[in-house]
Each structure stands twice: as structure tokens, then as C-alpha cells.
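This is what each chain is made of:
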Amino acid sequence: MASNGGFQNSGYNNDRPPSSTGSGDADVATDPASSSFFMNDYKKHDDLKQMLDTNKDNLKLEAMKRIIGMVAKGKDASDLFPAVVKNVVSKNLEVKKLVYVYLTRYAEEQQDLALLSISTFQRALKDPNQLIRASALRVLSSIRVPVIVPIMMLSIKESCNDMSPYVRKTAAHAIPKLFSLDPELKDQLIEVIEKLLADKTTLVAGSAIQAFEEVCPERIDLIHKNYRKLCNLLVDVEEWGQVVIINMLTRYARTQFVNPNRDDMIEEESEKAFYGSDEDEEKEDKEEEEDDKPKKKPYVMDPDHRLLLRNCKPLLNSRNAAVVMAVAQLYYHCAPRAEVGMVAKSLIRLLRSHKEVQYIVLSNIATMSVKRKGMFEPFLKSFYVHSTDPTHVKLLKLEILTNLGTETSISTIIREFQTYITSTDKEFAAATIQAIGRCASTIPEITDTCLNGLVRLMSNRDETVVAESVVVIKKLLQMQSTDSVSQPQEHKDIIVHMAKMAQDITVPMARASILWMIGEYSDRVPKIAPDVLRQCAKNFINEEDIVKLQILNLAAKLCITNSKQTKLLCQYVFNLAKYDQNYDIRDRARFLRQLIIPGEKAGAFAKYAKKMFLATKPAPVLESKFKDRDQFQLATLSHVLNTKATGYREIPDFPEVAPDPTVRNVEVPTAWVADTNLLAQKKKKKGGKVKPAKKKSFYSDEESEEEDEDEEEEEDSSDETDSSEEDSSEEEEESDEEEDEEDEKPKKKSKKVEDEEDEESSEEVDSSEEEESSEEEDEEEESSDEEPQPKAKSTKAKTGATSNAAMLLDLDFGSTVANPAAVGKSDFLMPVLAQDMSSLSIGGDTGRSTTVTAPSFIPTKTYELLNRITGGGLSITYRFTRTVSIFSEKMASVELTLTNSSDKPVLNVKIGDKKLQSGMEIFDFPEIGNLGVGATVTATMGINFADTTQPATFDVCTQEKKFSVTVKAPVGEQIQPVNMAENEFDKQQGKLSGMNENSGTVDMATENTDIKTISRRVYEVANVVQVPSMQDNTYKFAGKTLSAGALVLISVKLDGRKAALKVNCEKMVIGSMLLKDLKDSMTKKD
Amino acid sequence: MIHSLFIINNAGDVFMEKHWKSVINRSICDYFFEVQSKAATPEDVPPVISTPHHYLINIYRSQLHLVAVVTTEVPPLFVIEFLHRVMDTFEDYFGDSSEATIKEQYVVVYELLDEMLDNGFPLAMEANILKELIKPSNILRTIANTMTGKSNVSGTLPTGQLSNIPWRRTGVKYTNNEAYFDIIEEVDAIVDKSGSTVAAEIQGRVDATVKLSGMPDLTLTFMNPRLLDDLSFHPCVRFKRWEAERVISFVPPDGSFRLMSYHIGTQNLVAIPVYLRHNISFREGSGGRFDVSVGPKQTMGKTVENVSLEVPFPKSVLNVTLTPNVGKYTFDPVNKIMVWEIGRIDPTKLPNIRGSISLQSGAPIPESNPTISVNFTINQMAISGLKVNRLDMYGEKYKPFKGVKYITKAGKFQVRT
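Chains A and B, in that order, are what the protein sequence lines are. The working numbering applies: residue 1 is where the first sequence begins, and numbers increase by one. The working numbering applies: residue 1 is where the second sequence begins, and numbers increase by one.
Hints are supplied without guarantee of correctness; some may be wrong.
Unchecked claim - With the C-beta cut set under 7 Å, the calculated list includes, among others, these residues of chain B facing chain A: (1) 17; (2) 26; (3) 27; (4) 43; (5) 46; (6) 78; (7) 81; (8) 84; (9) 106; (10) 107; (11) 119; (12) 203; (13) 412.
The hints are simulated quantities; they were obtained by calculation from the structure and are not laboratory data. Ideal placement from N, C-alpha and C gives every residue a C-beta, glycine not left out.
Given these sequences and hints, build the entire structure.
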């Protein structure tokens, strides 16, 4: 760090443009040579302050850049705080951004001054630009000043209702920040998290789960309702979110589902007890499974458990190593044994990645390979060591190779090991010898070969190699002799050889090992042993402690077996030890002396000395260092470190009995059956009207559909419609759907309507839908008869299905009169589409006590879309039908009336190019093939205005011409009515106060002050519904915006001829526009 | 998750720090230096270091250590992957990620770091989105900015962030529409003394440079997709389509990106394009002899180019005196590494290098011969035999210019002697 000073002058200042006026001063000030003249810190930053105080943006920017340079380098720039904080209001975005960066760094230290900036952020939180809102929230929540906790809380609460998912994502990030600042707020934050968890956008999902993990990981109950949604969204979430979600779901699965390997496990244990071996687990398992099946009740996996595994599988092909590893650990911890194997291939692929990735992946593989040998056996060669690998990678590879060794593969492994021993990396060579020892001990067939090889290594020139071999040989011999006591002469030559080497080897551990061995097996080398002791005694004082202890041991043992020759030597050694510097050695000597050479007061133990010293000792077990690592969840920091890291959560054991699976049901399945029956009946009526011309495309869909059904029995009816609908409306996705039955589960709704659709597909929609409707009905019955369980399951996923279906039924049967145009050919798609629409919306607004209801009034006002003259005889008008769009519930239904007043038929009328604002969507009306002379046709299209007042611009094409048209929606048409109780209304109104409230008064004609007129006037303007009110002269209306679902509350309070109007809506634009429209409507004369 | 980041150069200089949560004093790096001093080479520093209160997760790349500080349990790969992405982004923005570049571009670097993480959790990592938030600086833009007074920072949210295809921005326009695909395969192999292959794998990748206007939808098909068994895709690739039809269908990001990478494992038969004939021996006292020749093998008629050999001699070697018949050699007496640059292999005149090795006097003769690393490039060939069948574009009307290039390179190609 000494060189920091020098570097400071060279780098970091170079961004300064030479023309800048301030730069001259700056040079003088930061130049250490000149500033040392003054030795004044204040002086040093003076120029920067001046630059910040100017009005010129480029000077400010320059100053900020240099300040950021100081921050980046870790130099103290806190004294500039007052000068910088003033610039938080700067209009220049780049200055502003840099000020934000500075603020997050220093606000904590300068809390009082930091408060000056808060109001700016609060204002920015209301900015129409979502990027500015988000960055304001980011900075506000990053300022770690306890005083602003309430403001932060408020901002977070507001932002999580923001219509921009980007802002909501930022809100999710802000939650843990606030939590770390004030843990007392936990309960409030959990409420916010709950809300964000229910969010349907993929952008938010990952961050919401991260907030959940940091604030309330124990509240697993919050996940239940979102579980299926998360599983289904997983593939589309960004990579980092995927990692977090998979980790959380692993924990979830371990608490909510039963062990898929339960049956195997019981068997395995008993097996082990019998044979005491844990090899070939894989094989045994398979056999067991076969044997067991008839006896035991077969394990049936919870469909939700399966859903998780299935949806995670494609992520194994992610480019992000963390995602692949997360999936691998999920499978390892939660999947049936037979399926775990498939993760191996992907893990092997990761091994070619950066060396750090390699290290982590290898350590995880090492753990897995201890228990699941078979998984990685085919990839044995991928673990061969390259000479350029870093040492830690080499050691891990060695570990894995050792773990993988079996009778068949061991010879190649040992051959490979032999080349490793010659490696110049001595640490690695030593580890290889240990690995050979481990192989030899686990696979009895090769023990002798290994021993011979190791003995040869003892003549190696390298000392570490020799020493390591000695230690390993000692262990192996010990194991062998416990196994085969019958052959005492065995390995005599090895011991003799080692005894001869005793004096040449200098590595203490190896010397100690040799001495111990000679003592232990002195009966095999009765002539040599005393001589070794003699030599050691000579050199006793120069030995290392560990060697000294072993010399004492050797002396004691020899003294017992061969006291005639060695007693004196022994005494000599003990005497030397008595005065040793190390107390352990002194103690040991004293203890041994009492046992071996008892004095006059002989202890009672002396006669047992032989038993004590020459008892057969249990053989050491050579096992993997990774044997116990699997107590930690794979892929975690704790696993890599092999200790519990802060904040590590134990991976829970599977429960004996699975907790109630119905908690994951998103909706109570009552009332559904009745609805479907009705729908089915309805469909039956319409079933016959299939246009034969369009059958072809439809049939191809149908075929694949049937295949799917065969493949998957669990498939329920809603999924069927879902997939077929996808097939037809999205050609691209078609094949995906057909092939991959795994993803047939409800899709997120946003996918359904895509801009890429072309005319052809929209045509197909109705034909296939029609057919589908008749098709589906049978299935519906089937499934409800045979599988009550999955049936219930299917209904759960459908949020708000009941309410929507009920409403649509209403529309179909009752409102046909009020809605005459809807009787066109498109209307009978409604039930089917609506049904699958609702099944598509996963985890909808169950939290709300409000329900969408039918419109109270359908306006008849029509607007002109295309003039007869400009359209060359084709005229189009449109009106808002106020029905829930069949295409998406976020869309407003627009009914087009096309009239051909020219003298020849107009062919192929359809929608062409669309020029839409971001967030807006259009669902085309089906192409009209032939519009005869004088004919009038109606068509329905859906437009999602995204809660803006922007018009939707698109082209209407005929065979010859193209007309650019715009549809402008009055704000009132972008609302759908919701039922609400009065107290709920008041509560919501209370929440939406302040800037979200718009009010005004109007004078009305006296004859207009009755309730009927007022409600009519309101209905004309906005698609809302009246809330029953207890108060006199106060009329309340409620609705919500189509796209974002923001509440719109209208109240009219009459006071004589004056009416006080109040509109509450969190979308301020909508609120104010609506008030204006209402005022106009109220005052107009009939 | 990620608390702080320190960037340290080889000299042990902490020249940049960034904190996403509260500030952690840079003295935390002392723990890192302690571990670093124990490691023989910078590569040997363990990626995860535990300190009493923090955990340091580090990577070493471009002569720089990036040390991330975390305080709680976090998947280590998450952090490692992130750090590598940071470096990727720098390389993408500035062309390289060396210390000098980072110091020079510190403002952009700092803004990027600020944008990438929020509260330690990745916020915007996709290169396309970042480029819209913070425009990469080039000379042209710098001039334009000074003229117009515009800044590098964008004021609006990139549309990609919100759309279903976050990797591509809308409104891309090119006058020349072109799409290039480079299929690059690296052969990892271990060849033993006798010349037989111990292990061989192929690591392939398809790097694309796509400059197409609008929202093109591309489909890439291979002649022999069966070869590809284990692969990873850029998020833009429709995985199900691949599973079903073995075609790669995607809406590409704008610019250069890695479309996919694949791995052909040891189970498959891998062709080895070069062979080595070697005779290296050490003798007591006098030193040793060195004689190596290289030749092509299984190259399907293509020439082997950019061939070089790297021989790490044992430490007891003092010097080597060699004479190559092709190319030239250098010997680094400190690291004892001999590099022989051959260039193209002419099959009629096989490159050979021979000469003597001198050992330090008194040093015992080395017991093992060095492992030779081989480098080579073969153009116009993918060693696995992978071939692109066709590339189709949907969704746009113009005719793009398309190109595919094949290259085979040596990865970790080692010959044990």
C-alpha cells in the first residue's frame, strides 16, 4: 500500500480535460509538492468546492468525477459533503448520478447534512420517469440514517404498488436494507414482502425472494401460495434470481415433501449392517427397488415436488455456473436417487470454466462422489490432472479419483497416480501417495501391489515422497496385520527394509512411523530391533519430540519382549528423557518407567504392562476428507469452508409425513364444478359450428394434443386448453408445447398475447378454439369423475376463476341484448378463453377483498376510426363494450363496426403494423375475408392501454390499401368495476389521500340531482359500479384500472345543487382526467 | 449478498474499492495478503478465504485480484460468477480489463459497479442494458458529448429491462446487416510417454457477432446436431425448441455474444491433430540431451498453424543449448521454461529441435521428464466434425449477410515425456 501515494498522482486525474478552467487550480492543489507548502487539508479541496458551487454543469461534473475518483480509491472525501449534497437537485443526470453515488458512501457519516437531500428524493419518487423513481428509492434506502426510517418505510410501501416492475424490483431490494437498519419493522416488512411475492412479473420474483430470505426465511408459509407460480416462472427469471429461488425452494421441498428415497434408505441401512460395506450403493439400490416393489406401498411423488424438479431441469443448460450448481444441489438433496445422475454431465462441463469455478464445483463433486460413486464414474478421465492446474484443483481431483476407484477402474487410476508422483509439485506428490494408500485400503485386491509400489518409492530421492510412503506403508501394514494375524512372517522384508532406512530418513513423521512399526512388530525382526534402539538412543537428544516419544515407546516394548538385551538401553533412554525440555516427554518417561522397570513400590499395573503395550491396536481408517461434508448443503459457502458460515441455515430433514399439500392451492375449489357444467352445456350448443375449411391446421394441433394426454395422465383440462391455445396463437411456441409435455402447466399470462402474431394465427384461434370447446367438455367430465384429486388441483391454480367465469356467464346469457355486437362469431370463444385465461393468471389478486363485477351500464357512444371518404368506401367506427376482454383481462374490449359503402367488396381486412407505446398491447380482430357491398360486420379487438392516456395507433389493411388509425380511450374506459363494501371503500379512500386525491365541485341542474341521474352520468363517463352507501346524499363508486389494477374511487357528495366530486386513484393522471370528465358530464344539459 | 469489492493489483495495491452496504475498512485485505503470500503463484490462492467476521471470495484475472467481501452465507459460485461477469463487462466496455484501463476509466467503472448491484444483489448485468444506462465512451462520443453537452448517462430506462427479451434493445438499425458465427473448438488432451491418448475432450463454443436491424428471429441448424450432447446456451436460445428439433432458435442480442458452448467428453473418440516424438534424457554429471520433433496427424488436410511448445524444465536445469530447424526458441533461466515458437508445420520438413541440457553442478539429476504443453491453431476445421447446415432469419424483411468460421485450437494439450 506504500505505493498508493505515487499512483494517486499518475492515475485518476487524467480524465480532466485540459481546457477546463478549474483544472489549473486543481493541479496545484492536488499536487503533493505544492500542497505540502501549505500543509492544509481544507485548502486542498477548496478548488473542488468552488467548482461545485459554480453554475456550469461541466465544471460540476468535472469536480464530481474527481471526487468519485477519491471515493473509488478509498481516500477520505467526507469534508466535501456539504458542497456535494447541494448538487442533489442538479438537472444534469450525470452529475446527479455521481452525487447519488457519493451520498450512499458518506451519508452514514454525515447524517444531519444528509437529511437535506431527503426531500429531493421524496419528490423524485413521484417522477413520471420510472428510472428516476427507482434510482431515488435506491439511494434513499441506501442512506443508512436511522432518522429517515419512517420515510423509507413509506416509500417502500408506495413503490411496491408502482406500475413499473423495475421500481417494484428496487423496492424489493430496499426491504433488506431497511430491515438491517431497524429490525423492529420486521412485521411491517413481511407484509410488503408478501405483496411482492404475489407479483407476477419475472423481474420482481428473484429480488422478492432475496428479500424474503434476508428478512423472514422462517416464514415458509408465505411461499405456499406462490409456490407453483415460482416454479412456473423460474425459467424466465434472470439468472441471479434463479439461484436464490432454487435455493429457497430446496429448503421448501425439504420441509413440505416426503423423502423420495425413503424406501431405499431403510433397506440400505439394514444392508449395511449385514455386510458392512457401502460400495456399489447404486447397484444395490436398483436391486432393492425391484425386490421391494411388491411388498411396500409404492412411493408416490407429490405433483408439486415433481413440478419443481421438472421446471429446474432445463436450467442445467444455463451459462451461469451458479445456476447449474444450484440445480445440481436441488437434485442431490431433493430428487429420487435415480434422477440425480443426470446433473453429473452438466457439472463436468463446468470444469472447463474459470479455475475458481472449477475449485468450487470440484469440491462439491468430491462430496457427492463419496456417497454416489456411480454418478461420476463415466467421467473418470475428466478428473485427470493437468500439470498446469493450480495446486488446490489438483488436490481435489485426486480426492475425487480416489473416491471413484473401484475394482475395475483402479488399475487405470493407479497408473495415472504413478505419473503424479513424479510431479514437481511436492505437495501434490505427497497427496498422491496418501491417495494410493486410501485406494489400497478400500480395495483389498490391490493392497499388495500398492505396498510393493510404495516400498519402491522409499528409495526415491525426494525426501517428502519417501516420508509420505513410510507413513502410508505403516498404516497399510497395520491394517493388514489386524486382518491376517495368521501370517506373522508376512511383510517381514518390508519391515527389515524400513528398519535399515531408519537412520537415513530425516523427516520426523516418517522416522516416528518406522520406530513405531519396529516396536509393534519387533517379534518379526527380533535381531534388528534392539540395534535400531541402540542407534536411536545414541542420537536421542537431537531428535524431534514426536520421534523421541516413539523411541520411548520402542524402548518400552522391546524391554517387555526382550528385556535381557534391552533393559539397560531402555533405562538409559528413560534417564535421558527424564531431563528433556518437553514436559510431555518427561511425563511419558516417568509413566513408562513405573510400568516397565518397577521399583520397590511396584504398582499394581506393572504386571499388566505386556497386555497394555502389545495389545492389537485397531487399524486406522483411511477415508475421504469429504466424508462428512454432506452435512452441509451443497453449493453453500459453509460446504466449501467445512464450517458453519454466519447465517447458514441447516438443510432440514424430510418430514415423516408430508404437511398438508392443499396449502399450495391458490383458490378454494368450491363452486367451480357448477360453473364448468354450465360452461360445458354452453359449449355443447356451440360445438357444431366448425368451419370445415380451417380444419387442417386445427387437426395438427389436436394430434399433438392427444399425444400429450397419453403421456401425461395428470394433465388436466385447463392445461389442455392452455396449450392448444398457445399452439394456435403462437406458431413459434407451438413446437415447444407439443414436444415438451413437461411444460404444459399453466403459463404466465403475459406470454399469451404476443406482438409477433400474424394474421394467420389469429384466424386459427377461433377455429381451434371452437373445436377445442367440444373436445374439452369430455375431458372435463372424465377428469372430474376419475380423478377428484388432480381435479381439485387444477382448480386451485385458477385465481379468480369463479368470479370471472360467473361474470362471463352473466354476459353470455344475460347481457346479449345490451351487448348486441358481441354476438358475432367471436363471442362463443369467450367461455373457453376466459376459462383458460383465468387459469393462466397464477396467483392473482387473492389478497383483495374486492371482486371484479359486470358493468352497470354499457355506453352506446361510438367513435369514428376510419372515415368513409378517407377509407375509400370502408368506414369503421368503434365503441367500448366494457366487457372483460377475452384476450387478456388487462385489455379493454373495443368493438369495431366495419361498413362497406363502396361499390365493390373489400377483401382481407386485418390489422397491420402497430405503433405502440411501451407497455401497450393489441390483440387483433380476426381477419375479415370478404366484406360485401353495403355489408356491415362487427369485430372485437383488445387493447391494453397500460393505464395511459396515449392513443393506440395501428394500421388497418385491406387487400389494396393501408390506413393508419388511432384508438383513443377515455380514462373511464380503462377501468373495470369492482364490488366493494363501504367500509372497505372508506379505508381505501383514506389510503389514497394527498397527491392521489383529486376533488372539485360542480353546480348541477336541480332536476339532475336524483340518484338515478347522477349514477347514469357517472356511468357514462367511467366503467365503475356503485358502492352501497349508508350516508345520505353521498354516492360512491368503485373500479380499478385494467392494466395495473389500481383502485379508482369516486365519491359524489350532494349539497343542494352543488356536488362535491372526489376521485382517488394512485395513478394521478387517471385521477385528474377522470375528475375533469366527470365534471363535464355532470354539468352538461340533457 | 456481496458487501464490498476490492480490486488489487499484483503489487498488492488496493486501487479501487466499492461498497454496496456499509463501508468495510480495506484492512480486511490483509487477510487476503496473508494467504496470498503463502501461495506459490497467484493462481494458487484459494478462491474462498475465511476471516473471523467476513468471508473473502476472490478471483484472479488479467493480473488483478478481485476480492469480494461477504458477511453471510451465500453460494460461492454466485459471487465468483458475478466477479467474472464484472471483468467480462469491463472487457466489453474498454476492450481489456487491465489495471491501466480500469484506472483510466474509473468513473465509468464506478458507475458500472454501482449499477450492477443493489444492496449486494445483481440488478442489471446484461451488457445490452448496461450499455443503454451508461454509454461506453469512445472518441466519437466524447467529441459529440462536448459539442452537444449530453452525458454518458441515459435518462430513461432501457426498454430491454422490462420486455420479455431483456438482452436486446429495441430500435436497432444497421445499414449493413450481418451475422457472423465463429465455431471455436479447443482440444484438451493428455498424451502419455508412448504417444497414446490418456484423456481427450473438446470444449467448443459458438461466438456470434450479430449486427441486424429490428427484431430478427434466427434459426441455426447443424448438419450433425447429435454430436452436441452437453451444452449451455445464452438465455436468448429457446431451449425447448432445441430439445424438440435440435435447432437453435433465438432472437439475438445486439453485438458480440457467446451463443452457446458445448462439451464433448472423454467418452467420445477425439481426434488428436498433432503428435510429438521426443527423447529427453538426463545423465549424471554432464547434463542431458533434448530431442523433440512435431508432426501433423488427423488434420483432414488442413495446415496446423501457430504451433508452439512450452517445456517447463526441472529447477536443477541451468541452461539449454538447442538448435531448431524451424522457428526459434527462448529459455527463461528464472522460471526454467523453454518456449519454442514453430509457426506453421510444413509436412515435408517436420520441425525438430535438439541439443543439450546443462544441469547445476552437484545437483542430482531430475527424476522426471517435463510435461510439454503444445499450442496450435487449425483454421477452417472443427475437430469434432460439427458443421452448420443453414442459418435462417424470420421476422425481418431484409437479406442479411451471413458467415460461419471454424477454428480448432489447443486447450490444455499436454504431452507427458
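Here's how the hints hold up against the structure:
For residue 17 (chain B), the interface hint holds, since its Cβ comes within 7 Å of a Cβ in chain A; the closest pair sits about 5 Å apart. Nearest Cβ of chain A to the Cβ of residue 26 (chain B): about 5 Å, under the 7 Å cut. The hint holds. Checking residue 27 (chain B) against chain A by beta carbon gives a least distance of about 10 Å; that is not within 7 Å, so the hint is violated. Hint status for residue 43 (chain B): holds, given a least beta-carbon distance of 4 Å to chain A, under 7 Å.
For residue 46 (chain B), the interface hint holds, since its Cβ comes within 7 Å of a Cβ in chain A; the closest pair sits about 6 Å apart. Hint status for residue 78 (chain B) relative to chain A: holds, with the closest Cβ pair at about 4 Å, below 7 Å. Because the smallest distance between the Cβ of residue 81 (chain B) and any Cβ of chain A comes to about 5 Å, under 7 Å, the interface hint for this residue holds. Look at residue 84 (chain B): its Cβ gets to within about 6 Å of chain A, closer than 7 Å, so that hint holds up.
Look at residue 106 (chain B): its Cβ gets to within about 5 Å of chain A, closer than 7 Å, so that hint holds up. The restraint placing residue 107 (chain B) at the interface with chain A holds, with a minimum CB-CB distance near 5 Å, inside the 7 Å limit. Hint on residue 119 (chain B) holds. Least Cβ distance to chain A is approximately 5 Å, under the 7 Å limit. Below 7 Å, beta-carbon pairs count as interface contacts, and residue 203 (chain B) has one with chain A at about 5 Å; its hint therefore holds.
Interface hint status for residue 412 (chain B): upheld, as the beta-carbon distance to the closest one in chain A is roughly 5 Å, under 7 Å.
Comparing the model with each earlier hint shows a violation of hint 3 alone; every other hint is respected.
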